[in-house]
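J.: This is what each chain is made of:
There are 2 protein chains.
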Amino acid sequence: MKNLKTNAFLPLFYLVWSDDLLTQKELLTLQEFIRSQVWLSEEEKQSLVSGIEIATPPSRKQIADWKKEIEEVVSGADSLFDISLALSKNDETVKEHKTAFEQLENDLGILGEEAIGVFKSKADTFTSKHKTSSGFDVSKLTAILDGEQAPIINRVKSILIRPEFAYENSTDIGVYRSKVYEWCKILASENLGNMAYPKAYGGGENMADYFAIMETLSYHDLSLVIKFGVQFGLWGMSVQSLGTEKHHKKYLEDIGSLKLPGCFAMTETHHGSNVKGLETTATYNYQDQTFVIHTPHENAQKEYIGNAALHGQMATVFARLIIDEKDYGINAFVVPLRDAKGKALKGVTIGDCGQKMGLNGVDNGTIRFDQVIIPKENMLDRFASVSNEGAFESPIPSDNRRFFTMLGTLVGGRIGIPRSALAAARSGLSIAIIYGDQRRQFGPEGGSEVPVLNYRIHQRRLMPLLAKTYAFHFALQYLTGRFIARNEDEMQEIEALAAGLKSSATWHTRDTLQECREACGGKGYLSENRIDALKNDTEIYTTFEGDNTVLMQLVAKNRLAEFRKSFGHMDAMGLISYVYENARTVVSEKNPIVTRKTDDAHLLDDQFLLQSFQYREKTTLASAAKRLKKLIDSGLDAYDAFNVAQHQMIDVAQAYIDRVVLEQFQLAIRSVGDQKCRSTLSKLSHLYALSQIEKNKGWYLEDGYMEAVKTKAIRKMVNQLCWEIREDAVPLVEAFAIPESCLGAEILT
Amino acid sequence: MKNLKTNAFLPLFYLVWSDDLLTQKELLTLQEFIRSQVWLSEEEKQSLVSGIEIATPPSRKQIADWKKEIEEVVSGADSLFDISLALSKNDETVKEHKTAFEQLENDLGILGEEAIGVFKSKADTFTSKHKTSSGFDVSKLTAILDGEQAPIINRVKSILIRPEFAYENSTDIGVYRSKVYEWCKILASENLGNMAYPKAYGGGENMADYFAIMETLSYHDLSLVIKFGVQFGLWGMSVQSLGTEKHHKKYLEDIGSLKLPGCFAMTETHHGSNVKGLETTATYNYQDQTFVIHTPHENAQKEYIGNAALHGQMATVFARLIIDEKDYGINAFVVPLRDAKGKALKGVTIGDCGQKMGLNGVDNGTIRFDQVIIPKENMLDRFASVSNEGAFESPIPSDNRRFFTMLGTLVGGRIGIPRSALAAARSGLSIAIIYGDQRRQFGPEGGSEVPVLNYRIHQRRLMPLLAKTYAFHFALQYLTGRFIARNEDEMQEIEALAAGLKSSATWHTRDTLQECREACGGKGYLSENRIDALKNDTEIYTTFEGDNTVLMQLVAKNRLAEFRKSFGHMDAMGLISYVYENARTVVSEKNPIVTRKTDDAHLLDDQFLLQSFQYREKTTLASAAKRLKKLIDSGLDAYDAFNVAQHQMIDVAQAYIDRVVLEQFQLAIRSVGDQKCRSTLSKLSHLYALSQIEKNKGWYLEDGYMEAVKTKAIRKMVNQLCWEIREDAVPLVEAFAIPESCLGAEILT
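Here the protein sequences line up with chains L and A, keeping their order. The first sequence begins at 1142 in our numbering and counts up one residue at a time. The second sequence begins at 1142 in our numbering and counts up one residue at a time.
The following block holds chain L by itself, in its conformation from the complex (with noise of 0.2 Å):
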């Protein structure tokens, strides 16, 4: 094509026999395109339509002189007609034409600014420039996460990264649990095991410890975690909690140190979220002043119980009190289930669960009691007691109340699990995003492959599941915290709260690393990068320590009924002030400025993000109530009502934990000394907060609290966070400070 004129359609002849997408289909386009244009002789249009006849492909070393012409004019053009008119050595006619080349490209589906890229290096594009960049000491964001706790945190893990402590990967369920056991026996023996206990049995009478160090053991195996909870938490606290100091002489120091191994056996096969049912009967036999313990059918034997399967010698058994036939509600015994050696005792008859989908280093079982007599000290008997007479005593009249009561005192399980469940969320960010800062993958042409943690959704898809893994770090310490200090009045406000934060935060987790498995994509599916034992572990968490979907109705009710108290009787005028009543903009909250108000400062204000979380909570709140009053004032049983609106019971309790978690962010941060670390965890706040507004921009949209524009700029503002936080997200990650071998992760060494 020495033709000067012809020349210019070489850029467009080299991209047809090159590019990856267009098909046959445009090569007739391209032909016909020639044959139309006038300006054109026809020995010219011959010759041009001849070099694209799919019959007769140019030869390879044919488009290599192509591309070579071309990139010799390219460096000084914008667009592919550009090249056109350099490769014509600016031809009149060809300028001439500028639409109708203009308008080829387009039929051809080439974006010409796109095209000419494949001329053009672009291996400084800036995506391929950004890059990890700490903004703060690790070290101190480490010791901000892990405050008064860091002395025990550290112990737990100088005990971890041990030798003895190296990952068991064996298939075999027998093997696994007998590891596990045996690490248990060691953490015991290091006194971590009876942390929370009294001293006068040995233990360290250290709460937050023992949630410190549940919270770091889930660095770990979970198994582990499970196996020791089940152990000191569910049965040992049980014990505490339930009984009365006979109990705790007898059994907490042998239970502390493991010389006990127990169960805790209150769920049943037809009784796991309605607890209220449970059908395994204690009878009290005045004659020799015992219980017995029976369960009445298959179906309300005790199933999926810890220790059970293999190692417990003890359970607390959950049952329902028979005094001469009368039922006297659902009271806690210590049952005996097996002899030192092992063996079960007359009456006991254990089942295994089997293989799960994961934490099969604990032995769940199944338990099942044929009259099995016990002696009448045996009753935990701290709320409720029988004389020898046979008398029922309580200071607990109500026998739901007495039961829920109980189940109060050992909340504590829902401050263990989430934490637990936090941990695993921030072993498997730590995996997935040192993983996406190494791995390459595609690249600018002619550039070299860019880390996966630079592309966008990428970073969409783990960013602000970091920032609410930090988020949700603060809420869990207040948590903790609140309970440890709690008294009698706040208890149904903690409960409220334990539940809620237990559900959330085991769901994050469950998202968390869903996500972490997808986002290191084959390598995430191979057991030895730990994902894989990391999501069917913590899996269960959304069911066991109660159903998360269950909790969360609990968590509304809770709610409801504290807004009864308050706004009872209110109007609607009522109603308006209390959404209103925190909000400082309290008129202006719903102008047009406001809800069209995109500017940054205003969607980074702590102010307005925390404002739009307690609105949300209150109006989802209010008009719940509302709703439940009308369905009920319309004559609906409120059984059916609350069915109902149980979509939006949950919203209700969604929208108060959402508020709580962003609160005890922002409270948290102000605290922080060290400037940068200050304004790194701000960062993560603001991402948290406006991912949450995004989740939920559906309802403030209908809700008229923010228009269009603004949820779109609040759009705009997360992808902005996102790109900002990837330069610290691997220091983020590494602030966690997860041993190297309890991460374990075969792609990161």
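In short, the hints are calculated from the structure, not lab data.
If several chains are the same, the list does not tell them apart, and a pair holds so long as it fits within one copy or across any two.
Below are the PhoX-like pairs computed for lysine-lysine, each with C-alpha atoms no more than 20 Å apart in a straight line:
no.: 1; residue 1: 1853; residue 2: 1767
no.: 2; residue 1: 1771; residue 2: 1706
no.: 3; residue 1: 1706; residue 2: 1239
no.: 4; residue 1: 1467; residue 2: 1209
no.: 5; residue 1: 1771; residue 2: 1857
no.: 6; residue 1: 1298; residue 2: 1281
no.: 7; residue 1: 1857; residue 2: 1767
Given chain L, put chain A in place with the hints provided.
T.: Then chain A, alone, in the frame of chain L:
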């Protein structure tokens, strides 16, 4: 309390002492209230207050007596105060203080209308009465789903229910792999593996049946399906599609009979998604007319290759063809790996990927080549060949384009995988829905427990997923049909469709199995109930055969290219009419009457629903195109621009796929003859469509296509449809007709 006036307090006393939620604080509130009532004498006050001292609770008998008294008058009462009044025998003074009593109820946080339920039997609430009641003939629906493939589907099922296909529960990976291999041999001997191969080589030449086989096998062990797919699909089809007659003659019959187990070796450690960057080389050697296959460094080893770790004797290896030190891009070669005894050949090093999250019956491995020599005829030379003289020849000069053309012929994998995924989702839904219909938990006061499937939240969790599963079925049938009847021109559209449906169907399966696991609670966590295997086996479906996120971007790029071809030079008006072109209500579409229209007939109108989907598809596409153009016009490199807009790209792809799925669902329903089946499917299509709109309501509100009143009405309608479909839910999963032995969940037996 014989005093008639003081009797009025009896209901409150009862509630305070018996209610699960009230705390001791309420006792104080009640005491204060009593003390402040001027119409009570000091004596009466004293007597009342003493009845609610924390230190001296009433006896159990006292509480029971209160309840009895209340129950005698409750029948006519509509409020708590009605009871008080009745108990006081309509005392005038009490009547006067109605407001005060109601205020007290509020202060105590009691919802009177709800509390009154405690005293009434509510066994007949409508929530408890809701139940399964089939509205159609299950076998007719099965026939509609199976269509023309019913005979082969039934044949496969008849094989899968044989005793030799009993599930292998060993956690020993070796045992499991052997079993899966044995199963594959049985299927090969039944002529199922070679179903798509030419008859000349023993095959059935029936691609439609092949896909139906893959899908039906997916009701059984998913390792089996993948092993089967690797052998007969990836390995066999690569020989068939990329090779020429000499290869077909030499290999196809032995592949189809499983005499020659093989692999598909594309992915390398450092190149998974970006396969253009593969680094394995195939260097042509003139001397002896051979190729030398070589792995240049550790991270260029082939990875995750199915059939490699144990059984594969040969592999289709993708490698860069090098002739005279010049790189001719990626081509495919048949490379022997092992001798018939299973020993790796000289220069071939095979590793084992080891334990995975799932699919442990498939022997995935790594392969490294150290200067392995293969004869020239082992190049699969349909799209490119090397002459004896070493000249490279190909009808497709662009290396990338040739590679993508080769990959295009293998698009069948992206049809088999989503169909397999959907089958797994069906298994999960069958288990969760049948269990949800049987499992009872909670219930109205005094009534029996209620199937969990009657709870709105449980319906919300499962019914939309059931509807979407039905929707995807017809979309995948459509895709299969398009693929089988394809011509060259349609390939890019079909590839995009396959990529998009593969991604969204596998994500749907991920979400469905997650929800099924949680909906089954602890039972869902036990391996014996199969959700474990279904979930973990399909976990990798979102990654293999193309990472979903990457595929969705390809889909978007394809849509953008199509868009540009038609509308590259479009002005603002053109764009608007493009967006509205298919809408019946062109003018009125965005007018307030339509954006606020909420009547049932409108919300359930197929045309309205499809238009909403089309509108979203077109608007997201046009806006992404504009955005990209703007970014590039502003000087951004195209690579950066695509990264900035990556989030929108996913939206474009998702909206496109959503529309296709709804359109095909609606089309399929129209051709259903049986009226009852049609009306049930139609209800499912409404639920699918409305829950997708609900999911995207933020978008519709931002855009102004819908107003709040409409999105709220849609939420209500989704609830209503869930409630209605719950009645048909069990028959709807029964229509999947999954053999019981395949479902294999203990909880259903």
